[in-house]
Structures are given as C-alpha cells and as structure tokens.
Amino acid sequence: MTLDSKVPSGPLADKWDRHRFESKLVNPANRRRHTVIVVGTGLAGGSAASSLGELGYNVLSFCIHDSARRAHSIAAQGGINAAKNYQNDGDSIQRLFYDTIKGGDYRAREANVFRLAQLSVNIIDQCVAQGVPFAREYGGQLDNRSFGGAQVSRTFYARGQTGQQLLLGAYQSMMRQVERGTVSLFTNREMLDLVVIDGRARGIICRNLITGELERYVADAVCLATGGYGTAYYLSTNAVNSNVTAAWRAHKRGALFANPCFTQIHPTCIPVSGDDQSKLTLMSESLRNDGRVWVPKNAGDKRHPKDIPDSERDYYLERKYPSFGNLVPRDVASRNAKSVCDDGRGVGESGLAVYLDFRDAIGRLGRDTIAARYGNLFEMYRKITDEDPYSEPMRMYPAIHYTMGGLWVDYNLMSNLPGLHVLGEANFSDHGANRLGASALMQGLADGYFVIPYTLAHYIASTPLPKVTTDHEAFAEAEAAVQGRISRILSVRGSRTPRELHRELGRLMWDEVGMSRNEAGLKRALARIPQLREEFWQNVSVPGEPNNLNKNLEYAGRVADYLEFAELLALDALERTESCGGHFREESQTPEGEAQRDDAQFSYAAAWEFNGVGTKPTLHKEALTFEYVKPSQRSYK
Amino acid sequence: MRIHLRVWRQAGPTAPGKIEIYTQENVSPDMSFLEMLDVVNEGLIKKGEEPIAFDSDCREGICGTCGFMINGRPHGPEPCTTVCQLHMRTFNDGDVITLEPWRAQAFPVLRDLVVDRSAFDRIIQAGGYTSVNVGGAPDGNALPISKDSAEQAFDAAQCIGCGACVATCKNASAALFTSAKIAHLAHLPQGQVERTTRVVSMVERMDAEGFGSCSNEGECEAVCPKGISLGNIATMNREYLRALLGKT
Numbered sequence: 001m002t003l004d005s006k007v008p009s010g011p012l013a014d015k016w017d018r019h020r021f022e023s024k025l026v027n028p029a030n031r032r033r034h035t036v037i038v039v040g041t042g043l044a045g046g047s048a049a050s051s052l053g054e055l056g057y058n059v060l061s062f063c064i065h066d067s068a069r070r071a072h073s074i075a076a077q078g079g080i081n082a083a084k085n086y087q088n089d090g091d092s093i094q095r096l097f098y099d100t101i102k103g104g105d106y107r108a109r110e111a112n113v114f115r116l117a118q119l120s121v122n123i124i125d126q127c128v129a130q131g132v133p134f135a136r137e138y139g140g141q142l143d144n145r146s147f148g149g150a151q152v153s154r155t156f157y158a159r160g161q162t163g164q165q166l167l168l169g170a171y172q173s174m175m176r177q178v179e180r181g182t183v184s185l186f187t188n189r190e191m192l193d194l195v196v197i198d199g200r201a202r203g204i205i206c207r208n209l210i211t212g213e214l215e216r217y218v219a220d221a222v223c224l225a226t227g228g229y230g231t232a233y234y235l236s237t238n239a240v241n242s243n244v245t246a247a248w249r250a251h252k253r254g255a256l257f258a259n260p261c262f263t264q265i266h267p268t269c270i271p272v273s274g275d276d277q278s279k280l281t282l283m284s285e286s287l288r289n290d291g292r293v294w295v296p297k298n299a300g301d302k303r304h305p306k307d308i309p310d311s312e313r314d315y316y317l318e319r320k321y322p323s324f325g326n327l328v329p330r331d332v333a334s335r336n337a338k339s340v341c342d343d344g345r346g347v348g349e350s351g352l353a354v355y356l357d358f359r360d361a362i363g364r365l366g367r368d369t370i371a372a373r374y375g376n377l378f379e380m381y382r383k384i385t386d387e388d389p390y391s392e393p394m395r396m397y398p399a400i401h402y403t404m405g406g407l408w409v410d411y412n413l414m415s416n417l418p419g420l421h422v423l424g425e426a427n428f429s430d431h432g433a434n435r436l437g438a439s440a441l442m443q444g445l446a447d448g449y450f451v452i453p454y455t456l457a458h459y460i461a462s463t464p465l466p467k468v469t470t471d472h473e474a475f476a477e478a479e480a481a482v483q484g485r486i487s488r489i490l491s492v493r494g495s496r497t498p499r500e501l502h503r504e505l506g507r508l509m510w511d512e513v514g515m516s517r518n519e520a521g522l523k524r525a526l527a528r529i530p531q532l533r534e535e536f537w538q539n540v541s542v543p544g545e546p547n548n549l550n551k552n553l554e555y556a557g558r559v560a561d562y563l564e565f566a567e568l569l570a571l572d573a574l575e576r577t578e579s580c581g582g583h584f585r586e587e588s589q590t591p592e593g594e595a596q597r598d599d600a601q602f603s604y605a606a607a608w609e610f611n612g613v614g615t616k617p618t619l620h621k622e623a624l625t626f627e628y629v630k631p632s633q634r635s636y637k
Numbered sequence: 001m002r003i004h005l006r007v008w009r010q011a012g013p014t015a016p017g018k019i020e021i022y023t024q025e026n027v028s029p030d031m032s033f034l035e036m037l038d039v040v041n042e043g044l045i046k047k048g049e050e051p052i053a054f055d056s057d058c059r060e061g062i063c064g065t066c067g068f069m070i071n072g073r074p075h076g077p078e079p080c081t082t083v084c085q086l087h088m089r090t091f092n093d094g095d096v097i098t099l100e101p102w103r104a105q106a107f108p109v110l111r112d113l114v115v116d117r118s119a120f121d122r123i124i125q126a127g128g129y130t131s132v133n134v135g136g137a138p139d140g141n142a143l144p145i146s147k148d149s150a151e152q153a154f155d156a157a158q159c160i161g162c163g164a165c166v167a168t169c170k171n172a173s174a175a176l177f178t179s180a181k182i183a184h185l186a187h188l189p190q191g192q193v194e195r196t197t198r199v200v201s202m203v204e205r206m207d208a209e210g211f212g213s214c215s216n217e218g219e220c221e222a223v224c225p226k227g228i229s230l231g232n233i234a235t236m237n238r239e240y241l242r243a244l245l246g247k248t
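If you read the sequences in order, they're chains A and B.
So in my numbering, spot 195 of the first sequence is number 195, and the numbers just go up one at a time.
So in my numbering, spot 156 of the second sequence is number 156, and the numbers just go up one at a time.
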C-alpha cells in the first residue's frame, strides 16, 4: 500500500486556494440526495454537521451523550489560537504555522499545518458572528493572552471556559439545522462498527444506549469525529466516557492508525489523591502566564511553601529556559516536572507535584485582576483540594491529556478507506508529536467548518456511489459481529469489574508507556497487555441485559477495545527509537536531557495496518518532507 | 467514613421504582460523590447485581451530564457545585443520604437516576442561535462589543443545561434555562436581528414541552451550579412582552 497524502503542488501559501478551486462541487439541488454520517458532536463533529447541513446535505449526526452539547470539547479551558495579529506583536499566518510545526517537533505535514494557520482567522470571525462571548478589552476589541510555545499573544478566550462557549456555538448552529430538517440528530447512540461496501465506507452500526437495540445507517460518506484515546491510561483529563471504540472499529475494518505513541501529557493537572479517583482535572495552561513554577532547591524539603525563602526555591523553568520561561511547550514542562520529582524535590504528600505560585502576580497585579483572569480555575482547584490558591501555591503534576495520533488521513481528511473521513482529535494530521496549547479547538473547528465542506463535496462529486440499502449483506455481517461481541461480554460472568481491568491497564500504560519510555519497559507492557486482554475475556463481570440501558456493558465494550488498542500504542512507541515531542525515549536524549530527534531515520508518520488481534500489524510509512521550514533541534532557551 | 444511601431504583421508563438501601464503608473524605458511587457500583457488580445507573462525563463540572437529587436538593448541599465536584468531606460519618432522579413531566425517568432531558435540546432548536451560515462572517473586531455586554452575555451563556433548575422548581419550569440563552443573545449585537422571533419561538417551545410556568420563587437560582441569575428570567419576560407588543 502506498500512502498518498494528496498534498497539492505549488507554493505553500497557495495550496489550499488552488485545491479549493480544483475540487469538484455538488450542485445545490443535488446535495439533499446525498446522505452523510457524522459521528461525534464535539467541536469537529458539531461544526461539520452544521456546515454540511447549511449546504443542504442530508446529515445524520450521532453522539454517545444525551445531548449534542456535552462532548468533551466543552472542557477545554484556556483558548483558541488565531493569527489575527490584533496585538501588533509580530504575529502572522507564517508565524503561527512555524510555531505549530516546530511545537509538533517536525512530525506533521507542512501543507496541513499551513492550512490550519490560514483558517484560524476565519474561525474567530465565524464564532464571533455566532455570538460566542469572547473576552473583550474596554474599547470593545477582542482580548488575547499568551500560551506555551509562542512569543506572541494570539490566544482568544472566554474566561476559563473557551471550549464550552465554542462548543455551544457549534451545537447551536447544528440545532438550527436540526430544526430546518437538514440534520437528523441521534443522541445516546454508540457507533460499534463501520460498514464497508465495495471498498468504500457506506454506513455504521450503532447501539441505541437506551433500548440496547442495534441500528443500521447507510450513507454516501462517513465522518468520524470521535475524539482521542487518552483514557487508555485510565486516569486522564478526558471525560470518563471518552473512548477509542469508533476509531478502533474503523481501524479493524481497514483504516490505518497513525502515530499512536504521540500522546500529550499536560503539565498542570491536579495531582492524584487516591486509589478510587476516576479522573484527573486539568488546570489551564493559561495559568502559566502569571503563575511561576518551582520546587525547593533541596531534596526532601518538607517545609510549608510559605516558609521556603526565594533563595531556597528553584524556579527551574525560568532558570533553564530564560526566553520562554514558564511558557515552554507542554512536553518540555511535563518532562521537567517529572525530572525534578525524580530528583526527590517533588512537593505534597506523594512527592509527585510541583508548585505553581501566584504570590508574585497577586503582589504585582492585585487579587482582583488575578480573580478576573483565573477565578473559576482557582475555585475549581479549591473544591477539589480544599486549599486556597490565593494564599498558597497550587500543586500540579502532569497527566495524560490529548492524543496527537489517530486515524491516518490525507490532505482531504480522508482515510485510506475511501469515504471514511476523520476530523479533529480522532485524526493524526496537524499536531505532529506535540500539540501546542490552544490549538486543539482551532483544529477541530477548522476541520468541521472550513475543510470538510470542500473535500467531502469533491469526494461525492467524483465518486460513483451506487445506491445501497441497510439490507446489504455487509450490514448484516457487521451487525452480527457486534451482536456476537456483546453476547460474549455478557456471557463471561466472571469476578473482575471492567473498571478494575481498565485501572490495571492504565497503571501499566502510565508506568511503561507514559512520560518517558524505554525499550525494556515497552517490552514489559507488550508482554502484559495480551495477558490482561485474556483476563478480561475469561473473567470480566457484566451483570444485566443487552436490551436496555446498561452503562456497565457500554463501558466493558470500550475497555475491551482499549485492551487491543494499547498494544498498538506500545508497539509504535517501541519501534520509534527516537525522542520527539510527547514521545520521549530515554535512549535518545541530548547531553542536557532534552528530546533528541533522529530525522534521518524517523522523519515519517507511522501508519499501522490491522492484521488481527494479537497479530503484528503492518507498518506503512508516509515520509515527511520539509520544503519551507528546516527541522532543527527545538530550543526554548 | 461509613455512608448509608437510600437510592431510587427503577429498571426502565415504565417499570415501577422504589428506594433501595446500601451501606458503603471506608469512604474517603477526598473522594468525589460520584467516585463514592463508583465504589458502591463496583461492590454491586462483584455481587452480580446491576449497578446504580447515573449519568456523568467530564467530572469537572462543565459538561452538565451529571445531576440528581441529594437529600431533596439538586447536586447536593454545596452552592454552585455540580454533583461531580461535590466531595465526601461535605458529609459526616454515618450520614444517611437519599438519591433520587430529577422529577419533572418533561424529564421522564429512563433508569434509576437517569432522565431524558432532550426537551432542553428542542428549546434551543426553536431559536437559541444566530442564523449565520459558515462563510462570509465579518472580521471579529469589526463589531466592537463593550466589556460589560460581553461579560453579561457570558454570565448567562455559561449555563450547562443540567436541569437542576427544573428539578427544584415546584412547577417544573424551565424558565431559568430558556431565559439564560435568550439573555445571552439579547445582550449581544449579533443577537439583535432575531431578537423578537427568538423569544417567542423559544418560550412557545418551552411551554409545548410540558414545563410549568415560572412563579418567581427563585429556587432555580439558589440551586444552579453555575449561579445563573434570576435576572435572566426578568430579561426573558421583558423581551417576550416587547415581542408581543410588536416593538422592534
């Protein structure tokens, strides 16, 4: 199989314009005759469904939640980047492109990233027109803040709830289309298989989570916008229902899965407090605008932070990275937090935390200004920890947050399976090996509002799509496979709960495939995961019936998929012996302990082809070539 | 801590329900309420019994998925807190805690503590948006919006759609939810074009969904996990009257 990225030729800045012109169109009167399935209603799925509905396609939209407004995009706090240069501080599309591709440690496609930077400005305009209440200056202009990995202020925000407001904007647009009848919304539905007919994605099998019925839906194309796989680690900042199932089932039907080892560990999360904890809570990266990160200079210093004088504090990010200081990218901040904790200088009861201190900012700007900027985050921290960040520093530790890897897609956001398009976090395309803060919202909305309307039209207009119905044997086969899997899970009646098995998998992944990885650990993980999978199928306990609301059955199905997927993640991490971005291989580091890339060997996207559970997948390489930027050792010093 | 739970169990939408009693030992005060329920459910699964069904997702108080009555109060005793952000340190060793689903005609119970809130979506569908298609939006800074207006709009827009306002209201009114969206868009220049049609359409849909009328008791504001102000309902009523009088 050869992977064709379908990147248009010509100068970088003209590629997208030319591609749009060269793409075929679907006549407005014909669009309603074409059905498009969109799975997921986060920023990518919601914006795709609404913009395709506006154009007049017959859109079927699916989500696992009880409402399309609840997808996990809603939890994004800090903001969304755009190259508006409203601050006159040297920003440009070129610079956003450069920062993003450098931030991704030169493991993303130039053309995709440039398009993302171009579209960023349209996103802000569209969202303002929708009534998204972005933060404003006193003169009525949009306000900006800085985020990690950038030396300009280009992040637009709505207090600490930017994801919520952008998602509600997309949701409301989509509900407008539901009212108009162009979008049919199916809530409480979980996609459990992709239906492929004559080599093309033509439908999905869903389970109705209220009645338990399996349902068949047919379409001319399928768009997956089902998010990332961070909950493979059990504890993460993701919502508890976030899962890899839809993407994994598509992978098992032939879609390649790219760069699964590129996982992002967010540096500022509230540390783990107990064994029964169900998730970790992120504190926005924006806090690093004003908060200073430090640990005691001396290992084992257990004094209260207030009793440690400045001379005995190590503001290690400011010391090591003077030009970016506390605003280094996430991977750099996370690795440094781990490193000081490994030195025995971590704080809090567990010793697995660093301080994020607002003392100086409150002194400089006053409590009211800090409250206006971060009030809701401080309140959230207080509720969870029972400590007041206005009077003592926050304790922070890295946690799994975002996954750069995902289903392989070309420039048109189409996977190697014709008709299957993948949007947002679920694809692999734009963030390389590390995503910069405030770029996930940007990518989700760029894909849904501005890319898919063009590329999907081209696919539909240039592809013969013979009429098929849900009576086709491929639907029957897929439904029977789903039914078989559900029956098998229910028939085990063992003694271990899905949560216990998920937690055990998560600990293994965090220990061996987490913030820093080495060959021995990865091999241990690869040996252990199949045993855990076997344990699941021999000994899982799922009481109840398949034909009603059974949350434990839903959960068990997702855990079963993670027990297959985790093996691919670990294998990808093992094969990539270089360090890059969020993937840090201990064997490959510079003398200063920074990630050491190996461009000669690894300047490619690793796209894996499924060959059966427990069978080694086939690796396909998409070579990454850089015409406009020169890959160099990233430096934030 | 030892916690005694009295939990509404109902197998399906048409099945009869009843209160069941469970006791959980070794509850840590640092656990969230939902993590405590996770532990109870783990115990039930181990015994081969069906776990208590409840909704939750983000577990950081922003998605609006979770919510049930705790001792007769939506989301429990802490002000401005969703149940996923409620911690067991709020309770005492030996407490008896009663859990029931939201109860409202427009929110039928699906199972145990899970209810159908799709009526909220249909209210938004009736007009909770600005009718602008993708493409051609003017520059974001072309329309200056005063900081005060943006802040007021934001205060209303942060409603998470959990349904606590309906659950606590003796009339099961959705006035706080509906008014929050109307007020969000009414405070912004982008919302002005459809100001009149929006309020009429959303209020009519709210009534058609079977929610009761607002009688200004203010319980909704008191239990709202996001502190959405009762003032939004006044704004909605004013907008509605204005629309009926045909003023533009």
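Treat each hint with caution, since some may be false.
Claimed, not checked - Using C-beta positions, here's what the derived DEER-type ranges look like:
id, chain 1, residue 1, chain 2, residue 2, range
1, B, Ile21, A, Phe186, 48 to 56 angstroms
2, A, Ala29, B, Ser146, 40 to 48 angstroms
3, B, Arg238, A, Lys467, 34 to 42 angstroms
4, B, Leu244, A, Pro464, 18 to 26 angstroms
5, A, Asp275, B, Gly12, 27 to 35 angstroms
6, A, Asp388, B, Glu151, 49 to 57 angstroms
Note that these hints are calculated values from the structure, not bench results.
Even for Gly, the Cβ is constructed at its ideal location relative to N, Cα and C.
Status of each hint after checking the structure:
1. Distance hint check: the CB atoms of Ile21 of chain B and Phe186 of chain A are about 37 angstroms apart, inconsistent with the given range 48 to 56 angstroms.
2. Evaluation of the 40 to 48 angstroms hint for Ala29 of chain A and Ser146 of chain B yields a pass: the beta carbon distance comes to about 44 angstroms.
3. Look at Arg238 of chain B against Lys467 of chain A: about 53 angstroms separates their beta carbons, and that is not inside 34 to 42 angstroms.
4. Evaluation of the 18 to 26 angstroms hint for Leu244 of chain B and Pro464 of chain A yields a failure: the beta carbon distance comes to about 55 angstroms.
5. For Asp275 of chain A and Gly12 of chain B, the Cβ-Cβ distance of about 34 angstroms falls inside the hinted range of 27 to 35 angstroms, so the restraint holds.
6. Distance hint check: the CB atoms of Asp388 of chain A and Glu151 of chain B are about 24 angstroms apart, inconsistent with the given range 49 to 57 angstroms.
Hints 1, 3, 4, 6, counting from the list given before, are not met by this structure.
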